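Visitor: Spelled out, the chains give:
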Amino acid sequence: MRLLIGEAVLQITEKISDGVCIITLSGDIDAHTSASFKEAIDKNIASGNIRIVFDFSALNYISSAGIGVLNAALHTVKGKGGKMSIACASKTVYDTLDVMYFTKKIAVKNDLASSIKEVTAS
Amino acid sequence: MQNKLKVPVIQAQELIKDIRLLAMCGKILFRKYLYNPLFEAGWYTEQTDRNRRKLVERIKRESEDPAFLHTIAPRCKKLICSSMNESLAAIGESSIFFLERMQLHSAVSSSSEAIEFADILTSPLNEFNKENSEKNEDLFTEAVHDADVEELKTAFEPVKLANDSEKIKLSTEIRRLYENIRIASQYHNIPKCRRLLSSYIIRYSDDGDYARDDVEKLITALNSRSPGFEDELKNNIAIDLYYRIKQGVLKGNIPTTVTAIRKYGYIFEGNSETRYFFEIDRLERILYKMISEKGLWDDLKNKKK
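Protein sequence lines correspond, in order, to chains A and B. Quick note: the first sequence, position 6, residue 6 per our numbering, numbers continuous. Quick note: the second sequence, position 208, residue 208 per our numbering, numbers continuous.
It is worth saying that the hints were derived from the structure and are not from the lab. Please note: incorrect hints may appear among the correct ones.
Simulated crosslink set (SDA-like; lysine to any residue; CA at most 25 Å straight-line) [as the list claims (entries may be wrong)]:
#1 K91/A - K294/B
#2 K78/A - I219/B
#3 K80/A - K153/B
#4 K104/A - T154/B
#5 K153/B - T92/A
#6 K91/A - Y266/B
#7 K91/A - L296/B
#8 K217/B - G82/A
#9 K105/A - R203/B
#10 K294/B - T103/A
#11 K80/A - Y266/B
#12 K105/A - L300/B
#13 K104/A - L296/B
#14 K104/A - S87/B
#15 K105/A - D207/B
#16 K105/A - L296/B
#17 K153/B - D98/A
#18 K294/B - S57/A
Far from chain A, by Cβ distances over 10 Å, these chain B residues were calculated [as the list claims (entries may be wrong)]:
#19 Y35
#20 L38
#21 T122
#22 T154
#23 A184
#24 G270
Away from chain A, derived, C-beta distances all over 10 Å, residues of chain B [unchecked claim]:
#25 M24
#26 K27
#27 N132
Everything numeric in this text was worked out from a predicted model, so none of it was measured. Every residue, glycine too, gets a C-beta built ideally from N, C-alpha and C.
The task is simple: from the sequences and hints, build the whole structure.
Guide: Here it is, written out as structure tokens:
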């Protein structure tokens, strides 16, 4: 039995709102798209945006390549005194983060407002 | 250019892992991809060395004396040639033994025998890997499909550090690692430093209390002492995890496979330049798709709570 798997597509949009960088992801984060995901995060951190919220409401899939990118970013952001949070993850994406034990490292909230509150809280 | 003058450590490591995988795939493939290429390259001899063990011991002894390092490669070639008249298992063991010596001594890896040996086997073993890559995905799909929920739950268990004694153990491990690396580096034993770091990182990197900063300090120090150390370490870890995954697939061992996939993700943090990055990602997608189709997400999460 073979599973036919198409090439993943990821769309990334970013905006800054009240000192919080909101990165919205749409599509899949896997080996093919993790590099552009990493680039978007690194660019923001380099610009001094260390309060980051990831809007996962339109994200269909995340593999360990994507979780690895998040883990590296979390390490850097924490080192600079910043915070990260994930908002609106679908059940499948949340379950993947959870079984990979990433929900123990990062706050995952049901809505954007709670995530923004999370990263702005002192 | 350097690659043409000697067999790189990473190439020797990959060949070792390939031979081990080949051994799991049965005699026909072993003969096709290991015995036949060596035979065709003229490495077969009618003469059998009845004291293969003695020769191995002698090579090991001589490996410790710099004056004898130049004798190791010709003796290893003799060992392999004579084992070809003995058994397939003996050829495998002798080949791995030679490749291990190449990793330890540059006098061996830069010998004409070592370069010839790697040249003979690299192409057939690449062919073996290519042919098996697609088969591996099928085997993995079948294994995940047939796996019961308990087996998958085991696969997603993390390194458990729930109590203080386990955490103390981890901090003792990093101190031990420091000490062992200090000793090994005093003797310029870079392969040993690489082995120690590699096994520590693979074992603990997906744990919450992993001493990431300490490990990075060690890597930086060793890299300045031996340029290229970091790249070789990463390749070493990628090869190790990739072959754990492949072995897991061939044996239908889902926990081993999934654990190695997870560790790979944590260690390489989405770096697409890492070896086997895309191949492993495909297996992971198959895994999650099957878990979704079987409706196992909630069962897997319940195990953790």
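Visitor: Work down the list of hints and note, for each, if the structure agrees.
Guide: Hint check results:
Simply put, K91/A and K294/B have alpha-carbon atoms about 15 Å apart, close enough for the 25 Å limit, and the pair holds. Proximity of K78/A to I219/B is assessed by CA-CA distance (about 21 Å); at most 25 Å being required, the pair is judged to hold. Of the supplied pair hints, the one linking K80/A and K153/B is violated, its CA atoms being roughly 36 Å apart against a limit of 25 Å. Restraint check for K104/A and T154/B: satisfied, since their Cα atoms lie roughly 19 Å apart, inside the 25 Å limit.
Proposed proximity of K153/B and T92/A is supported: the alpha carbons are some 17 Å apart, at most 25 Å. Simply put, K91/A and Y266/B have alpha-carbon atoms about 22 Å apart, close enough for the 25 Å limit, and the pair holds. Distance restraint check for K91/A and L296/B: the Cα-Cα separation of roughly 12 Å lies within the 25 Å cut-off, and the hinted pair is therefore satisfied. Between K217/B and G82/A, the direct Cα distance comes to roughly 23 Å. Compliance with the 25 Å bound is thereby established for this hinted pair.
A C-alpha spacing of about 19 Å is found between K105/A and R203/B, which places the hinted pair at or below 25 Å, so the restraint holds. Restraint check: the Cα-Cα separation between K294/B and T103/A comes to about 23 Å, which is no more than 25 Å; the hinted pair holds. Distance restraint check for K80/A and Y266/B: the Cα-Cα separation of roughly 21 Å lies within the 25 Å cut-off, and the hinted pair is therefore satisfied. Between the alpha carbons of K105/A and L300/B the distance comes to roughly 18 Å, so the proposed pair stays at or under 25 Å and holds.
The straight-line distance between the Cα atoms of K104/A and L296/B is roughly 20 Å, inside the 25 Å bound, and the hint therefore holds. Distance hint between K104/A and S87/B is unfulfilled; the C-alpha atoms sit about 52 Å from each other, more than 25 Å. For the given pair, K105/A sits about 10 Å from D207/B by alpha-carbon distance, which is consistent with the 25 Å threshold. Distance check on the hinted pair: K105/A and L296/B sit about 23 Å apart at the alpha-carbon level, within 25 Å; holds.
For the hint pairing K153/B with D98/A, the CA-to-CA distance comes to about 13 Å; that is within 25 Å, so the pair holds. Restraint check for K294/B and S57/A: the C-alpha separation of about 24 Å stays at or below 25 Å, so the hint holds. No Cβ of chain A approaches the Cβ of Y35/B within 10 Å, the least distance being about 31 Å, so the stated non-interface status holds. With 10 Å as the threshold on Cβ separation, the claim that L38/B sits away from chain A holds: the shortest Cβ distance comes to roughly 34 Å.
Distance check for T122/B against chain A: the nearest CB is about 25 Å away, which clears 10 Å, and the non-interface claim stands. Even its closest Cβ contact with chain A, about 12 Å, leaves T154/B beyond 10 Å, as expected for a residue assigned away from the interface. The beta carbon of A184/B sits about 27 Å from the closest Cβ of chain A, which is more than 10 Å, so the claim that it is off the interface holds. Non-interface call for G270/B relative to chain A: violated, since the shortest CB-CB distance, roughly 4 Å, does not exceed 10 Å.
The beta carbon of M24/B is kept farther than 10 Å from every beta carbon of chain A, the shortest such distance being approximately 22 Å. Its beta-carbon lying about 27 Å from the closest one in chain A, K27/B satisfies the requirement of being farther than 10 Å from that chain. With a minimum CB-CB distance of about 15 Å to chain A, N132/B clears the 10 Å threshold, and the non-interface call stands.
Taken one by one, the earlier hints fail for this structure at numbers 3, 14, 24, listed in ascending order.
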